[in-house]
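Chains as they are written, first to last, in UniProt numbering: chain A, 1 to 524; chain B, 1 to 301; chain C, 1 to 319.
None of these hints come from the bench; they were simulated from the model. Quantities reported herein were computed from a predicted structural model and do not represent experimental measurements. Ideal Cβ positions, reconstructed from N, Cα and C, are used throughout, including at glycine. Some hints could be false.
[To be verified] Some chain A residues close to chain B (C-beta under 7 Å, calculated; not the full set):
#1 55
#2 66
#3 69
#4 94
#5 96
#6 104
#7 108
#8 112
#9 302
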Amino acid sequence: MKRKQWGRSAISLMIISGLILGGCSSGTGGKKDTAPEGAASNAVSKEGFPIVQEPIKLKMFTRIAPVNGPFKDMPVFQDYEKMSNVQVEFIEAPTDGFQEKKNLLFASNELPDVLYRSGLTPLEAVRYGAGGQLIPLEDLIRDYAPNLTRLMEEYPEIRAAITTPEGHIYAIPGIVTLGSARTDKKWINRAWLEKLKLQVPETTDELYDVLVAFRDQDPNGNGQKDEIPMTARVGLHIVTMMSGSFGLDQQFGYNINIVDDKVEIWMGSERNKEMLMYLNKLYKEKLLDPEVFSHTEAQYLAKQGSGKTGVFFDQTNNNFLPIADQYEGMAPPAGPHGDRMQSQASPVPRDPGAYAITSENKHPEASIRWIDYFYSDEGSTLLRFGREGEHYELKDGIPYYKEEYSTSETQPKITPYAGGGAPHLISEQVSSYINPPQVQDAQKKLDPFMPEIRYAAPMFDEKTAQEVNILRNDIDKYYEEQSTKFIAGALSFDKWEEFQSTLKKMKMDQLQQLYQDAYDKMKK
Amino acid sequence: MSQRTPVNKTRHTAKDERCFDIVIYSVAAVIMLIVLYPLLFVVSASFSDPAKVLGGEVWLLPKGVTLDAYINILQNDKIWTGYGNSILYTAVGTTINILMTLLAAYPLSRPDLPLRKGLMLIVTLTMFFSGGLIPTYLLVKDLGMVDTMWALIIPGAVSTYNLIVMRTYFQSSIPWELQEAAHIDGCSNWRLLISIILPLSKPILAVMVLFYAVGHWNSFFNALIYIRREEMYPLQLVLREILLISQSDAVDGSVGLEDKVLLAESIKYAVIIVSSLPVLIMYPFVQRHFVKGVMIGSIKG
Amino acid sequence: MNNMEAPPGANLPPSRPNRGSRLLVQMAKRYDLYLMLLLPIAWYLIFHYGPLYGLQIAFKNFNPAKGIFGSEWVGFEHFTRFFDSYYFWRLLRNTLTINLISLLLAFPIPIMLALLVNEIRSKAYSKWLQNITYIPHFISVVVIVGILTVMLSVNGPLNMLIQTFGGDPVRFMESASWFKTIFIGSNIWQNMGWQSIIYIAALSGINPQLYEAAKIDGASRMRRIWHVSLPGIVPVIVILLILDVGQFMNIGFEKILLMQNNLNLEASDVISTFVYTTGILKGEYSYTAAIGLFNSVINLTLLLLVNRFARKTSETSLW
Numbered sequence: 001m002k003r004k005q006w007g008r009s010a011i012s013l014m015i016i017s018g019l020i021l022g023g024c025s026s027g028t029g030g031k032k033d034t035a036p037e038g039a040a041s042n043a044v045s046k047e048g049f050p051i052v053q054e055p056i057k058l059k060m061f062t063r064i065a066p067v068n069g070p071f072k073d074m075p076v077f078q079d080y081e082k083m084s085n086v087q088v089e090f091i092e093a094p095t096d097g098f099q100e101k102k103n104l105l106f107a108s109n110e111l112p113d114v115l116y117r118s119g120l121t122p123l124e125a126v127r128y129g130a131g132g133q134l135i136p137l138e139d140l141i142r143d144y145a146p147n148l149t150r151l152m153e154e155y156p157e158i159r160a161a162i163t164t165p166e167g168h169i170y171a172i173p174g175i176v177t178l179g180s181a182r183t184d185k186k187w188i189n190r191a192w193l194e195k196l197k198l199q200v201p202e203t204t205d206e207l208y209d210v211l212v213a214f215r216d217q218d219p220n221g222n223g224q225k226d227e228i229p230m231t232a233r234v235g236l237h238i239v240t241m242m243s244g245s246f247g248l249d250q251q252f253g254y255n256i257n258i259v260d261d262k263v264e265i266w267m268g269s270e271r272n273k274e275m276l277m278y279l280n281k282l283y284k285e286k287l288l289d290p291e292v293f294s295h296t297e298a299q300y301l302a303k304q305g306s307g308k309t310g311v312f313f314d315q316t317n318n319n320f321l322p323i324a325d326q327y328e329g330m331a332p333p334a335g336p337h338g339d340r341m342q343s344q345a346s347p348v349p350r351d352p353g354a355y356a357i358t359s360e361n362k363h364p365e366a367s368i369r370w371i372d373y374f375y376s377d378e379g380s381t382l383l384r385f386g387r388e389g390e391h392y393e394l395k396d397g398i399p400y401y402k403e404e405y406s407t408s409e410t411q412p413k414i415t416p417y418a419g420g421g422a423p424h425l426i427s428e429q430v431s432s433y434i435n436p437p438q439v440q441d442a443q444k445k446l447d448p449f450m451p452e453i454r455y456a457a458p459m460f461d462e463k464t465a466q467e468v469n470i471l472r473n474d475i476d477k478y479y480e481e482q483s484t485k486f487i488a489g490a491l492s493f494d495k496w497e498e499f500q501s502t503l504k505k506m507k508m509d510q511l512q513q514l515y516q517d518a519y520d521k522m523k524k
Numbered sequence: 001m002s003q004r005t006p007v008n009k010t011r012h013t014a015k016d017e018r019c020f021d022i023v024i025y026s027v028a029a030v031i032m033l034i035v036l037y038p039l040l041f042v043v044s045a046s047f048s049d050p051a052k053v054l055g056g057e058v059w060l061l062p063k064g065v066t067l068d069a070y071i072n073i074l075q076n077d078k079i080w081t082g083y084g085n086s087i088l089y090t091a092v093g094t095t096i097n098i099l100m101t102l103l104a105a106y107p108l109s110r111p112d113l114p115l116r117k118g119l120m121l122i123v124t125l126t127m128f129f130s131g132g133l134i135p136t137y138l139l140v141k142d143l144g145m146v147d148t149m150w151a152l153i154i155p156g157a158v159s160t161y162n163l164i165v166m167r168t169y170f171q172s173s174i175p176w177e178l179q180e181a182a183h184i185d186g187c188s189n190w191r192l193l194i195s196i197i198l199p200l201s202k203p204i205l206a207v208m209v210l211f212y213a214v215g216h217w218n219s220f221f222n223a224l225i226y227i228r229r230e231e232m233y234p235l236q237l238v239l240r241e242i243l244l245i246s247q248s249d250a251v252d253g254s255v256g257l258e259d260k261v262l263l264a265e266s267i268k269y270a271v272i273i274v275s276s277l278p279v280l281i282m283y284p285f286v287q288r289h290f291v292k293g294v295m296i297g298s299i300k301g
Numbered sequence: 001m002n003n004m005e006a007p008p009g010a011n012l013p014p015s016r017p018n019r020g021s022r023l024l025v026q027m028a029k030r031y032d033l034y035l036m037l038l039l040p041i042a043w044y045l046i047f048h049y050g051p052l053y054g055l056q057i058a059f060k061n062f063n064p065a066k067g068i069f070g071s072e073w074v075g076f077e078h079f080t081r082f083f084d085s086y087y088f089w090r091l092l093r094n095t096l097t098i099n100l101i102s103l104l105l106a107f108p109i110p111i112m113l114a115l116l117v118n119e120i121r122s123k124a125y126s127k128w129l130q131n132i133t134y135i136p137h138f139i140s141v142v143v144i145v146g147i148l149t150v151m152l153s154v155n156g157p158l159n160m161l162i163q164t165f166g167g168d169p170v171r172f173m174e175s176a177s178w179f180k181t182i183f184i185g186s187n188i189w190q191n192m193g194w195q196s197i198i199y200i201a202a203l204s205g206i207n208p209q210l211y212e213a214a215k216i217d218g219a220s221r222m223r224r225i226w227h228v229s230l231p232g233i234v235p236v237i238v239i240l241l242i243l244d245v246g247q248f249m250n251i252g253f254e255k256i257l258l259m260q261n262n263l264n265l266e267a268s269d270v271i272s273t274f275v276y277t278t279g280i281l282k283g284e285y286s287y288t289a290a291i292g293l294f295n296s297v298i299n300l301t302l303l304l305l306v307n308r309f310a311r312k313t314s315e316t317s318l319w
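Just chain A, with the same shape it has in the complex:
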């Protein structure tokens, strides 16, 4: 509880001092007034606030989600401007069209100072960085970003995921240390289990039996066969959710197993065939939602909220809150070879390319210091929750939204976290809302089966990145289409060898080698 006190007073202290300094900074000379007049005299302090004595201006290009309101009205940016003496002018581009606008900024060289919540892909970061439009950040981070540095030491995979083979960092990711924000829980309808006097399934065979019971024994008691035993997000989400039971991991954000420092792309493996045959059995017997390859996100969420579903997958319980007590989380079932793994899990650097500084920026040091604050618990609290007393209250040192900021209308207006991809730290401290007890419990079921380390998609150099991109275009498309057909029974398993040989023809071995090289380089 000590920590809470400290954090609390630190915030208020900083806000107050920010107010004072912001209010009367014009006349007072700073400590470092020795330098000549002009921008140079406005030295960037290495710690504490304000960041600069004389106010500076930064132009940030950002994505704004349909749920958000204007950034300038958010308490975090209003307060932080006073605190830091950095005035930020946001150029807001809506999610729809953001990708186009972002690329055009680079293509036409109309660069802002900073890209905020920009979702730069590793390929983009490398391309624009190598071209000199983004500046390398590694030295700045070392000198001006204590919070980030600490996180990167604690979680080495962060550095590995964002550093190019030449040793440069061109963009900073959103960092998620909270395990629960990196997994989709396996939700099962406990009310149905109880009614049918069944146990939570521990193996894939038991899961099959439970699903059969859900289908046949009318667990919702309305006399109709309207139950959907199991469903998932559209497409191959079901594969990522089940692959851990068949010993198939998801390293590097791809279909990759790493065993004894050997990288294996498992798409053509026997284990994968076993999994697809299992899923095919579920699909054929209508245990798996027949619409799983065609329904929309909206329909999927509606199914979650309808209570007619036996098993489904999601990060939180937010989408089925009214009936949430019917459900509980379950552990991954053990597969035919005893594998039991939660293979679906995002890496700690979850949102890549969230913050980057361009060559136009005249205050790179201040810009780094500006963002670093949000990689601390206090900063993240300010970002996610706003002002204490006004937007949130502390209970046992943990911030909770006030009632009026817990709705889909109000909350996204006060914080840029809603809508995803904002550069900040998501830790246990700031996750009361996304990690309520029910979700925590569901995560606890997964915890023993989480992979030890989760590698994010590696940084290749520009040429290799392009090569990977070209190889994966064909391979991924082929894999997804054929897997879907195998599961749906549109393709018989007699064709398995043809599937394997086509993957070979598409140079899957070469792709595997590229990932192996990246892995080896990382290990060094």
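Using the hints, position chains B and C against chain A.
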């Protein structure tokens, strides 16, 4: 078709005519039914409980009647700003479109215009080759039109397709003899265009107004690229923003996303109705100009 | 029936020896026509021909940092990458068949609808028909696909109907064999009314005296359609056909993308969706430009062929 006085009044043809009418009217009725059913669905869906629409329970009449969708739209300021913007862009844009297309189509329809083939080729080729997004963007930027209404209007001032259609109409529906006669009377080309061609071109002008106006009304891509200030967004962009609640918004479980998604799902039908209204209203006025007989009296003999 | 044919002398300007100066004289005489053309042609040059230098990125590795001129040349690399793609032939096949079927089915229907509207004597009735059939044009593709999904789902109305007649429910949206039917059928449904507008306008431009004359000659309604209405709009039909063929390789990607899933990909994978998913979404401007250029060349070739054919047979052509 008021003075229909059949000359060959034999019983045989009269009966034929009636059969023909019956066939025509019933085919038309079938077509209307086929088209109407899904339209009725949209209307019903806009008054229904969104969960019931998603669940496939609505297929003709509204289920769980509610006006939420419309109330939601009425309360949304952004939609009204968008409405105003779209009307402005459509009005100014269409006026410029019509002027430019007319100025290009008429001379190019003249068989006596030297170099006509070459000019047509220049125009037609543009349907196939474009420099792509980046050079066009740079051009618009250099002309200082980014974030202004003109970025939505000037780069699309002429549609080659419409130009060709209009030119074809001039060539095929306005007798060349008429123009030659006017020439002999000492009429200049401008006079010819204004006092002879235009009055004879009402049907095609009506179509062009409709095509261009609807094009402006429905377009969003240019605004997506060139417009930054939200208060300048046209209606379609506002609507897309409301409808475009995607999976990415679900990251970290944004509050009550299900409500949002369902709302988007429900208002999308009401939005169709609200946003199509101006054009639906416009059509009958435009259609008035498709009347027959514009040529009567203009032709010498 | 004179008025719908190409004007006499249209294609044979008086060309005698001393062509150059004659041409100048001809041009000077009609200087006001060029005055009219001044603004549009200037616009074409600035907004269409000006940016054409951007085409070179199809032969370069476009790098935003270096700009269009600074990027390095790679020759036909992007073209070979496309032709060597595992999916090239499937993309080509689907693109061509969807367009061919559309041309055979979807092109004539608006013409027939316009003729139908023209034949209805009751003004009110024909107005209703027009007003109703053109509405679907305004429904966005997102909603169209939404409606299709509801109508064609396993427990949707159509499958109910099939089941009452003892059939087995069909997964329309998840079947490769149904995809083209659904796609083209719904396109016709959505656009026939809108596309008929041009023909209706053209029909209204036909001199009523021609109908009267035909009637006096004792021609039946069918014969009048065949000999007066149809020839009256042939130039418009031919031009629209030429333009349609000239867009043969382009299919709008939005609707297909929304209908696409891995189970119907065999039939729904077309060049435009491929460009969108592997090119535009990933910011691969060069690759996209190369595929676009490939499309354009084929389209233009088709256009020139059809145009030549049309000029020979119907005396109507683009130039």
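So, as I understand it, the hint says residue 96 of chain A touches chain B; can you test that by seeing if any CB pair is closer than 7 Å? holds, 5 Å
Please verify that hint: residue 108 of chain A, Cβ, nearest Cβ of chain B, below 7 Å or not. holds, 6 Å
Taking the closest Cβ pair, is residue 66 of chain A under 7 Å from chain B? holds, 5 Å
Have a go at the residue 94 of chain A hint: is there a Cβ in chain B nearer than 7 Å to its own Cβ? With Cβ-Cβ at 5 Å, under 7 Å, it holds.
Could you check if residue 112 of chain A really has its C-beta closer than 7 Å to a C-beta on chain B? Result: violated, 11 Å to nearest chain B Cβ.
Can residue 302 of chain A be said to touch chain B, with a Cβ gap under 7 Å? Holds, about 5 Å.
Was the hint right that residue 104 of chain A lines chain B, CB cutoff 7 Å? Residue 104 of chain A check passes; min Cβ-Cβ to chain B is 6 Å, inside 7 Å.
Interface hint outcome for residue 55 of chain A [beta carbon to chain B under 7 Å]: violated, 24 Å
Holds or violated: is the Cβ of residue 69 of chain A closer than 7 Å to a Cβ in chain B? violated, 11 Å
Checked against the numbered hints given earlier, this structure breaks hints 1, 3, 8; the rest are met.
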